[in-house]
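Since chain A is already given, all that's left is putting chain B on it; use the hints.
So the chains spell out like this:
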Amino acid sequence: MSTEPQKTTALPVEALVAVALSNAIRDAVAMGEERLVLMLRFSALPRARRLGTQADLLREAWEPLNSTARVRSFKLPGGDLVAIGLPNAGDALDHHRRVLFSMLEAEEAEKAVHVLRLPQQAAAVMAAVEESLGMVAAMQAMACVEPQDRTVDEAALASAERGLTAADLSIFFRRQRVCWLEPGGQNSKLFWEDSRAELSEICERLLPGCDISLTPAFAQRLLKSIDRRQLSDIARPEELGDMRALALPLRLESLFSTEFLRLDSFMPQKRRHNLIIGLDAADVLAAPDLFLLARHFAQARGYRLMLEAASPFAASVVSSLRAGFNFLRLNWSEDFPAADSVAAAELRKKLSHTAEHVVLAGADRPAAIAWGWEMGIRMFQGRLIESQRSAA
Amino acid sequence: MSISRPSPQHLQASQTSLQDTLQRALRDEAGRAALRVFPGAAREAQRLVFALLREAADIKGGSLIEIMPNDWLLTELPDPEAERLRKLLQRILGEAAVQLLPLPASKTILTGLLNAARQPQFLDVSETERVSPLGLRARLDRLDLAQVYRRQSIVGMTDARRPRLVFQRLALDHQALRQYLRYHAKDRSLESHARAQLQKRTLEALGDEGMRQSLLGGGPVAPLFIGLTPDLLPPTPTEPTPRMPPAHSPALYAALSLHEAISINNLAARREALRQDAWGIAITGLSAAALSLVQADVLPADWLMLDWSPALEDPQALKTLRRLDQEHLILDGCDGEEAVSWGLSQGIHLFGGPWIEDIIAAGRMALCSEAARCLRSECRARGMATSPSERQGCHKPPMLEAVLPEGHS
Chain A
810 MSTEPQKTTA LPVEALVAVA LSNAIRDAVA MGEERLVLML RFSALPRARR
860 LGTQADLLRE AWEPLNSTAR VRSFKLPGGD LVAIGLPNAG DALDHHRRVL
910 FSMLEAEEAE KAVHVLRLPQ QAAAVMAAVE ESLGMVAAMQ AMACVEPQDR
960 TVDEAALASA ERGLTAADLS IFFRRQRVCW LEPGGQNSKL FWEDSRAELS
1010 EICERLLPGC DISLTPAFAQ RLLKSIDRRQ LSDIARPEEL GDMRALALPL
1060 RLESLFSTEF LRLDSFMPQK RRHNLIIGLD AADVLAAPDL FLLARHFAQA
1110 RGYRLMLEAA SPFAASVVSS LRAGFNFLRL NWSEDFPAAD SVAAAELRKK
1160 LSHTAEHVVL AGADRPAAIA WGWEMGIRMF QGRLIESQRS AA
Chain B
202 MSISRPSPQH LQASQTSLQD TLQRALRDEA GRAALRVFPG AAREAQRLVF
252 ALLREAADIK GGSLIEIMPN DWLLTELPDP EAERLRKLLQ RILGEAAVQL
302 LPLPASKTIL TGLLNAARQP QFLDVSETER VSPLGLRARL DRLDLAQVYR
352 RQSIVGMTDA RRPRLVFQRL ALDHQALRQY LRYHAKDRSL ESHARAQLQK
402 RTLEALGDEG MRQSLLGGGP VAPLFIGLTP DLLPPTPTEP TPRMPPAHSP
452 ALYAALSLHE AISINNLAAR REALRQDAWG IAITGLSAAA LSLVQADVLP
502 ADWLMLDWSP ALEDPQALKT LRRLDQEHLI LDGCDGEEAV SWGLSQGIHL
552 FGGPWIEDII AAGRMALCSE AARCLRSECR ARGMATSPSE RQGCHKPPML
602 EAVLPEGHS
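These protein sequence lines map, in sequence, to chains A and B.
Here my numbering is used: the first residue of the first sequence is 810, the next is one more, and so on.
Here my numbering is used: the first residue of the second sequence is 202, the next is one more, and so on.
Okay, chain B solo, but in the shape it has when bound:
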């Protein structure tokens, strides 16, 4: 979304009329209220809230002002309309996102707010922006996988101090991809197309010994998770082959996002067939919001990956969680000790996320004889790097290759 700003030559005129508008709103007349709304950062939510506010303003008067980004004001509405709109917006955005300011009683608050604002403006939200797909392929062709992929780790912990490396993961850094794509990332479909193309490239790169070494920084030291789209999964044989128990635990896990996993209607059978070739299935993206919508216990997967957020404490999310076997859960996105403690309290023992990468780097440095020559942040970045050049500077490459060497305690 973009908020369109008035051009400088129009600024003065609009500032004047803005002043008039505010004067009018602050007049001594009872039976009115202003609405302050925090629409959130999602451009969809902003468009929706803007449409509702504008509709009210068009019919009942009042003006829309942007105090700051994500802090909007509808200057005045008659009491009943203001109350009705408050209820509607709170239902959509949550209680805390909407504030009703009765007028003229809240005059001082409003004046304070507007004085504190650096430059209040009339609010305008642009129409749905059309992003052209042209140029996406060329941009992707120029992208080196190492720019957007990270070597991550999933550790097992039974208390917060003793991590063991259980899985490795070659993960797409969505933030880095969006930054690289910039214009094209404004369209969800184009971004998702880009992800699918990169997943295909990664799978091919892993089949090439040199590329595999480069991405993983040496031989794999634990079973590997790779993000895949359903069409990249190895095919199911059309002829039934004699079933034999799989010789080993999977060495490769296809990490499917939840919405792609449910589009494979024979997922359970596919999982069985894949096991013969030492592939397993992990389903990612089980956020608190997703958990409130699904019956996750019917998902046939070796691993279900929960996205950590404090919202997992939500009763509905917890209810779904209780029906799952904790032995198959991984708590992903752990950003601090709080996440791991919560996971442990729920019986979860496998963890991934930025904080896990921190403690892995710390663990590695504790064992490294050359640790004094590096910063923790350097060791962490090199450990997550997916190209030899980004690993340069390490004085003990075998330690880096081992991710979290044995003997750590």
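Here chain A stands alone, though its shape is the one from the complex:
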């Protein structure tokens, strides 16, 4: 690509207006706050009104709304105008509605000038926006309109964190075995156990009706609190006494928490090898300097590190071997490229760990294990591995 200045001086303002308008509508609906909407739809007017002087006059009549207090005015791509006002701007909006009506034939005005109310008439507003913005923007706006706001706010987060200190977390942790499984499935050998929090279940209990994935930074924070709880639990002498090989997914910051450092000081040197610390690729890249520090520390103390990649793409971006990880953990899903495809061959080329050091999690169905075998992977974790245990 040339580094010459590119000849694009206009912002695609329409795209931005679409975002701003759909957000304004969504917010009003989500919060259940009342808003008045005035629309002037040029697209519903006869051709003569849409062009030239007549259109200019209509736009001029609208102009004061651009600077009216408590009103936000939007110009949509097709030229349609939308103003959203607080209830106490009702007079101003009504005044402009009457001005527009006075400039048009009654029949024209009925079709082109609308006053709607949010949140009650959100569907009608959306329909009009859809016509103006086109499908893509409308779909985005629709997706934004949810029946109720499920965002976690800070008060809910604080209360969930308080709840966490008292809750018995053990029921929210899923322990699964990670086994070596040769094709044929005969000689499976336990390598370690994997213990991870089921965030969705914890949220169901502590944040009912909320979706924490809408606020990823809050989800990270909650996971850090969970990490610290789990680390304190593991540091108890009775737990440490008979600790077998265990994989723990941790937030990078948790490795520097008082709880981890306490666990580290309690754990006998020769046992540290038994703890496999799982770090998510995105978490590692969010603070690379911190990761380098953590890696030096973990390696010097004898812990093993496992890179957890949420997708094949994430796994291919981080060079897990060069970054100092002992293992790479992939979470299989239907989205993975078929084992005999070009994409799978490319993925294999991009993964820096050899297949023997890759753990395939999410092995809930035979297809996952078949995929893994095809890729040379022999370490598996998932419901299928668990069912083998119960069968044995």
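Everything labelled a hint here was simulated from the structure, so no lab data went into it.
Virtual Cβ for every residue (Gly too), placed ideally from N, Cα, C.
Everything hinted at is true.
Here are some chain A residues the structure puts well away from chain B; computed CB gaps all over 10 Å:
#: 1; residue: 842
#: 2; residue: 869
#: 3; residue: 899
#: 4; residue: 900
#: 5; residue: 924
#: 6; residue: 1002
#: 7; residue: 1008
#: 8; residue: 1014
#: 9; residue: 1017
#: 10; residue: 1019
#: 11; residue: 1038
#: 12; residue: 1054
#: 13; residue: 1165
#: 14; residue: 1185
#: 15; residue: 1197
Mimicking BS3-like on lysine-lysine, the simulated pairs with C-alpha atoms at most 27 Å apart in a straight line are:
#: 16; chain 1: B; residue 1: 520; chain 2: A; residue 2: 1159
#: 17; chain 1: A; residue 1: 1079; chain 2: B; residue 2: 261
#: 18; chain 1: B; residue 1: 288; chain 2: B; residue 2: 308
#: 19; chain 1: A; residue 1: 920; chain 2: A; residue 2: 884
#: 20; chain 1: A; residue 1: 1079; chain 2: A; residue 2: 998
#: 21; chain 1: A; residue 1: 1079; chain 2: B; residue 2: 288
#: 22; chain 1: B; residue 1: 387; chain 2: B; residue 2: 401
#: 23; chain 1: B; residue 1: 401; chain 2: A; residue 2: 884
#: 24; chain 1: B; residue 1: 520; chain 2: A; residue 2: 1158
#: 25; chain 1: B; residue 1: 308; chain 2: B; residue 2: 261
#: 26; chain 1: B; residue 1: 288; chain 2: B; residue 2: 261
Below, chain B without anything else, positioned relative to chain A:
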């Protein structure tokens, strides 16, 4: 992190025992060593180093003293333990961060150090501080975007003297945000939540003509970079639409941080779809440390933004860099001529950062007939401002609006 200081009434007693401790450490007994450690400013590193030092001191004796912030001393350890700990700390912090002082041979050095210190204290590092999220939203609601956003520029240069404006960027000033948030900024997650909220507000503000004018100080004069979180990206249509070649080069670039970019698993397809709407993708935050961890050549982006630091000379970072197409690289954070020279030597031609803002202000003033009435620092600050009030005082607003007007040489 906070180092807890003894209260005044306890100070005298602790000073006495501090003296005793030092006397004891300086006794004439061979086979011992003191360790001086510079843990660095990161609170995580400080907690980690403190835990390791305390563990050694608890088992083998010796005391922990803070000579100055970021200058710590473990007064004594038996030789083998001191040597073992030195190795461990050097592995974690680097060679230069740890100094082994054999005792009693280093008695004079130690005495000198402690005498030079304004007030040596026993070292204590607090436990992980829990920062309550309450009040964050109210604080953010009171924040005006102009307080924490800057209008920045990315220039093209083929030598160090002839910059051309290539991109504009509406950038969050992280330092300013941290200063504003203060208490809440002590928690990385809360700070990152605040950033995400501000990015959403900025995107909405850009959709409003008045706000856009206010933030950008006039019409955009070059394609614009805006920092976005993945959920703010325009959606991909679920129905495949007939693909047409994009009419123009992107006018807007979504600047995604590296860790957020890798969480979009269909990033390549998203980038293709966005191009139809004249959006492009830039990936930010490729520091030397990040480059040592990634295979950056698999990142589907129009632009990759490197964070300048001399550590980019690190062999591993350079190795990753060599595999990238320089035509898609921007060297960000340039703080002096050295950065630009290094970039040019690597075949990079696009630059951003504080030093770039300096030369832009200089270039603008060289062309401005009213330049004699302003200071360079004033012109620079007005050029980067994101509100009309901060631009006040300029006698040639069209020049300011144009950032770096044509005709500059």
